[in-house]
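Sequences listed follow chains A and B, in order.
For what it's worth, my numbering labels the leading residue of the first sequence as 4, then goes sequentially.
For what it's worth, my numbering labels the leading residue of the second sequence as 788, then goes sequentially.
Keep in mind that the hints were calculated from the coordinates and are not lab data.
Predicted, not measured: the structure shown is a model, and the values here were computed from it.
Capping the alpha-carbon separation at 27 Å, the derived lysine-lysine pairs in DSS-like fashion look like this:
hint: 1; chain 1: A; residue 1: K600; chain 2: B; residue 2: K1029
hint: 2; chain 1: B; residue 1: K939; chain 2: A; residue 2: K600
hint: 3; chain 1: A; residue 1: K244; chain 2: A; residue 2: K259
hint: 4; chain 1: A; residue 1: K199; chain 2: A; residue 2: K219
hint: 5; chain 1: A; residue 1: K69; chain 2: A; residue 2: K56
hint: 6; chain 1: A; residue 1: K104; chain 2: A; residue 2: K56
Some chain A residues close to chain B (C-beta under 7 Å, calculated; not the full set):
hint: 7; residue: T435
hint: 8; residue: A442
hint: 9; residue: S611
hint: 10; residue: S744
hint: 11; residue: S747
hint: 12; residue: G754
hint: 13; residue: L755
hint: 14; residue: A758
Facing chain B, according to a computed beta carbon distance under 7 Å, are these residues of chain A, among others:
hint: 15; residue: A439
hint: 16; residue: T465
hint: 17; residue: A468
hint: 18; residue: G469
hint: 19; residue: E555
hint: 20; residue: Q556
hint: 21; residue: D608
hint: 22; residue: A610
hint: 23; residue: D743
hint: 24; residue: T751
Backbone N, C-alpha and C fix where the C-beta goes; we use that ideal spot for every residue, glycine too.
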Amino acid sequence: MFPKNFRSVLLFIALLIIAGVLLVACSPAAPAEDAAAPADGGKLAVGIVLPTKDEPRWIQDETRFKEALGAAGYDVEILFSQGDSAKEKSNVEDLITKGVKVLILTPQDGAAAAAAAEAAAAAGVKVIAYDRLILDTEAVDYYVTFDSIAVGEAQAQYLVDKASGAGNPLYLYAGAASDNNAFLFFQGAWNVLQPKIADGTFVIKNSSEALALQDKAELSRDEMGKIIGQITTNWDFNTAKNLAEANLTVATAEDKGAVFILAPNDGTARAIADAFGADADVSSYIVTGQDAEEASVQYIIDGKQSMTVLKDVRTLVADAISAAVAYLEGNTPPQTNTYNNGVKDVPAKPSVVVSVDAANVQSAIIDSGYWPAGDFTGLDGGAAMPATQVEVFSWWTGGGEAAGLEAMIGIFGAEYPDVEFINATVAGGAGTNARAVLATRLQSGDPPDSWQGHAGQELIGTYVAGGQIEPLNDLYEAQNWLAVMPETLIPLISQDGNIYSVPVNIHRANVMWYNPAILEANDVAVPTTMDEWFAAMDTLQAAGVTPLALGEQWTQMHLMETVLLGSLGADAYNGLWDGSTDWASADVTAALDDFSKVLTYTNSDAASLSWQDAAQLVVNGDAAFNVMGDWAAGYFIELGKEPMVDYGWAPVPGSVGVFQFLSDSFTQAVGAPHPEGATAWLTIAGSKAGQEAFNPVKGSICARTDCDPALFGVYLQSAMDDWASNVVVGSLTHGVVANDSWKSEIDTALGLFMAGPDVAAFQSALVAACASSGPCQ
Amino acid sequence: MFKDKDRYLSILLISPSILALLIFVYGFIGWSVRVSLSNWKGLNPDYSWAGLKNYLALFSDPRFHVDVRNTLIFTSVFVVGSILLGFFLAVMLDQGLKGEGFFRSLFLFPMAISYIVTGVVWRWLMNPAEGSRMSGFNLLFTSLHLDFLVNKWHTTPIWGMAAIALAAIWQMSGYTMALYLAGLRSIPHELREAAQIDGANEIQIYRNIILPLLAPVTLSALIILGHMSLKVFDLIIAIAGKQLPLDVPAIYMWQTTFDGLFYARGAAIGILLLISVAVLIIPYIRYTLKTETQQ
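Chain A on its own, in the form it takes in the complex (with noise of 0.2 Å):
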């Protein structure tokens, strides 16, 4: 259900952009700049006012907001300062003549905005400064910021974690010395430096001032101010430029050679790195950036700036704007911090920050959809491609199968919008059609990224043993899916300690559905062992009801399977499989008679039936018991059926407290086309959000252990106790326990069994086949 909700909350703001593009679009709107904009009168809610045009850090800005406050339906006008306070006010001012309700400011000067504030806040207008403090009034309800003090101190740690020995030369700058957040960063790195300059790692080059207050651990304001006053660069790139060439020729060549220096952000920083790198005797440089601008993204990947501090401004937009909605709707924004102004504790809740550099500029900026990697050139190749796409090749094309795939899809989609889906399937007979389309690919060398195949022996039998899956463990462990995958499952899904596949869901086979209201006319009680279940066949025969609802042959194997493993037990079952269990045992002739003793009780047009028909007959009240994996509850659900009333289920007699299971997982190509695709699809698929997406729509539990049982039915929640609880077996119809080949011959031997019941000669065709394709060699 969710999905589909989520996806209808999409289309609707989909909806709503376009109704608002079409509606701008359409009225004769007045320039952005026009003062008499709001001629519909009061329209206008929110006002937004940026420090300069100048940076490309607040045309970001300006464009997220208009695309954010557009999206939630209020209309905002964002003018700029362009560093001048006075414009500023004016601008304010404008604003409230407007009619705005809430003031989005960020101050060119923290201080000489108080007076604009206080203008506002006389006129009723809620005042939230944005990303720089207004200093030294009242007139501030809220501040939306990152932590400055955090970016301060990731930009000293990743000096300090850049520099070896001691004496290295260390270079600060700072901004501007009228904008609070410079003594942030300021106060920030100082906190991580000062400890590394006290103990000779650094020494300081380019400020006096600093130099004497080196052993000093806690600054205060006016001794940072001193310090800020003698290497601002007053956000200027010209000005830092200047300032950093003027310090290279005053220092001597022992001074530089490979140097460490603080720069407050990506413009400084950028400009302090041409004047450094233009050195001669400069041999190396490291230097500290802020805001992951383009083009210092561009110096990073071309190792001429080393790292800048992250602050996506999509989250910082997004927390203004619904604190600006919050007080239109008369609420109050959430608040987990507060900053001293000089006058008031101003509420706010700061966002973190991220250190980006090299390393991880492809994830962190490229993948998080931050700036698109055509903006750049010389990202790594390989591993700094993105995975444009990913070919995902199953048999789910119908039913609750193909619904589940679909919302574990969007799951997908929203978490890599930038890979291409490519949903490959191929319809029919429970994917022989399709694994016979992939067998020919992976022959041809042209394997999909990533296929759908039943844990266990299916797919190592066949594809660990060809070659053409990749392991898995890695995975699991960063993913930390062992410690909530059940223990049992891994063993079932490895080969010599390799994990190869990616498990979606559990079914379970051996359930034995049944018609309550047969039972109760019938007076038979749900049977527990083969021969209750015998005696109550006898009865509801004797009463000429069909005591049996079987279908065609893969459901006879099904029965089969489940009709061993009640006769034989859970640890005789599993060694059938492992050459524990003699195939030729007397144990295995009882068995068989049961099973052929079990089919003389089924309904005589079984070929013709697919398994849904034999399983509603159950609930039609045409048989008294069907025997069938747990996706029949889902058809029931399907067909409109009462659990308890209409059907109800126990395990096959004989197997109570055993869980025969089965499971669909996803893997990994060996040469896949796509390898970052294929392994984003797999995460998806391992994860929580993945498996609750696709289980309860396909009707089967999680193979993790960790899902919310609220989400599913009734029979499921059941199934999920038993998981938890029972002994646990595979499945031979369904992949777990038999590799293809073998599975196959006992299914020749099943269908000759069928057409002409000879006990004797189907055990003898059982043991070669275990002899032919089995461990029994």
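Please arrange chain B on chain A, whose structure you already have, making use of the hints.
Relative to the frame of chain A, chain B by itself:
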């Protein structure tokens, strides 16, 4: 000069199709023969020499016995049924019936349908369910009080294959009819008249004049229907799915190759199928070519 040029041009023009034929027909036949003589089992090719092992194993394989039996039943019922019904329809239409064109199209139409479609329809018609779930022919027979005709159709042990052949007869008898009708029309009217003047009755005319003259048509029909029935696959899959009582070599080949990964065995079945079809077809082609060159 001209003649040589023509020759080269004609060779040039047919060479693509000859090349394609060499690769895609004879090349693959050769490759299948090679695989059938190997030990290939599993996804990865294994061309180690196995000699005739796979063929010998098939001859003692109980499933292959079932296949051969089923094929024989299907072929005989289908070929005989189609020829008899087709001949009967042709003779009827040949009587100068009113609306002949309509009936001719009517009888020919089933041939335009694919075996899959025929199979899906006949699967329902031949539903063997009993009691309240009865449907198709069985329901029809019961409501007409022809209860003795109610049967299990393709789920009948041993002879189930004959029921499948019924569907095939329905589909192909129109085609046989067309063959015979063309044959009948090509018999000169003077021959009949001469026989009538000589005092032959209708039965004698058919026995001694028409049937002998139709022998080449019967041979064509026999061979065309015969090789179709040897290769039957889709009709059975559509009616009954993959069930051993209705197994034929083509289904065994497919299942053992792609479900069981016994590639060598699958190839051996394929080659046996090819040989059995060739036994029918090659003499026919030689005969046709000979008569064509004589003409």
